[in-house]
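K.L.:
Chain residues, written in single-letter form:
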Amino acid sequence: MSRRQVFIECVAALLIMLFLYASLSKFLDFEVFKGEMNNQPFPNSWTPFLIWFIPLTEIAVALSLIFEPTRLAGFYASLALMSIFTVYSVFILLHFFRYVPCSCGGVIKHLTWNQHLVFNLFFVVLSVLGITLQRRKYFKSIFINKNKNSFV
Amino acid sequence: MNKIKWTFMALAIILSVGGAMATRPHHAKIDTLYFYNGTAYIPAGELGTDYICQSSANVCTYAFNGITYTPYMQGNYDNVQFQATKVKENKK
Chain A
1 MSRRQVFIEC
11 VAALLIMLFL
21 YASLSKFLDF
31 EVFKGEMNNQ
41 PFPNSWTPFL
51 IWFIPLTEIA
61 VALSLIFEPT
71 RLAGFYASLA
81 LMSIFTVYSV
91 FILLHFFRYV
101 PCSCGGVIKH
111 LTWNQHLVFN
121 LFFVVLSVLG
131 ITLQRRKYFK
141 SIFINKNKNS
151 FV
Chain B
1 MNKIKWTFMA
11 LAIILSVGGA
21 MATRPHHAKI
31 DTLYFYNGTA
41 YIPAGELGTD
51 YICQSSANVC
61 TYAFNGITYT
71 PYMQGNYDNV
81 QFQATKVKEN
91 KK
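Going down the list, the protein sequences come from chains A and B.
Mind the numbering: the first sequence is residues 1 to 152 in my numbering, read in order.
Mind the numbering: the second sequence is residues 1 to 92 in my numbering, read in order.
Just so you know, these hints were derived from the structure itself, not from any lab.
Incorrect hints may have been included.
As the list claims (entries may be wrong) - Covered stretches of chain B (in silico footprint by chain A; criterion: 3 or more residues with CB under 8 Å from a CB of chain A, positions within the stretch not fixed):
| id | segment |
| --- | --- |
| 1 | 2-11 |
| 2 | 14-26 |
| 3 | 48-62 |
Even for Gly, the Cβ is constructed at its ideal location relative to N, Cα and C.
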């Protein structure tokens, strides 16, 4: 296994850990999570949708990162999700909303919004790295297959 | 190659599931939470509907176990500003 492949596996494993941990801690304390979603500065009518959509999307992203054929899509989905969370953190820090809510999600809820932003940015960078390396690997394998076929 | 890959994946899954289980709060279902108004503990209502907890190092709500009030959620208890927000939302 090349060093690059080991690095891709590490990046995918870190993202899987993040998304699985975040979604499971929401499901394990579902009532509190529901309250925390109501506590966020958007209309409460969004809560019934968001309390299912967010953790289920996180599980779907984690699963897609496990398997090779869906990994590139998983990295893109992870980048999209982490970018949304990062933009939300920036809006909170810029006092875009009328109040600053408490953050939520397992141990992560103990982070301040500034720490949250740095944490999110780290995983955005990891997702970009994952996409870059996985795309290179993907195109390399296509190129090798084409060359093999042309020799036959 | 596959062995190393699946070792990484298995480790990631075990650590995240184990971590989520280990850090889950062990409190029983709490029906009523209270806020402290400076003199007494008052039932707070429903989070996000009757009040909000704004980001702060203070204690927002307390749980009562029959003897003592213990901190439950971190933040600043607020219902005044929240009601103003809701009024604005309803006008829209």
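K.L.:
Count residues of the segment 2-11 of chain B with a Cβ under 8 Å from any Cβ of chain A, then say if the count reaches three.
P.N.:
holds (count 5)
K.L.:
Examine the segment 14-26 of chain B for residues whose CB is less than 8 Å from any CB of chain A, and state whether their number is three or more.
P.N.:
holds (count 9)
K.L.:
Mind taking a look at whether chain A covers the segment 48-62 of chain B? Criterion is 3 or more residues with CB to CB distance under 8 Å.
P.N.:
Result for this restraint: holds, n = 7.
Against the hints set out earlier in the document, no violation occurs for any number.
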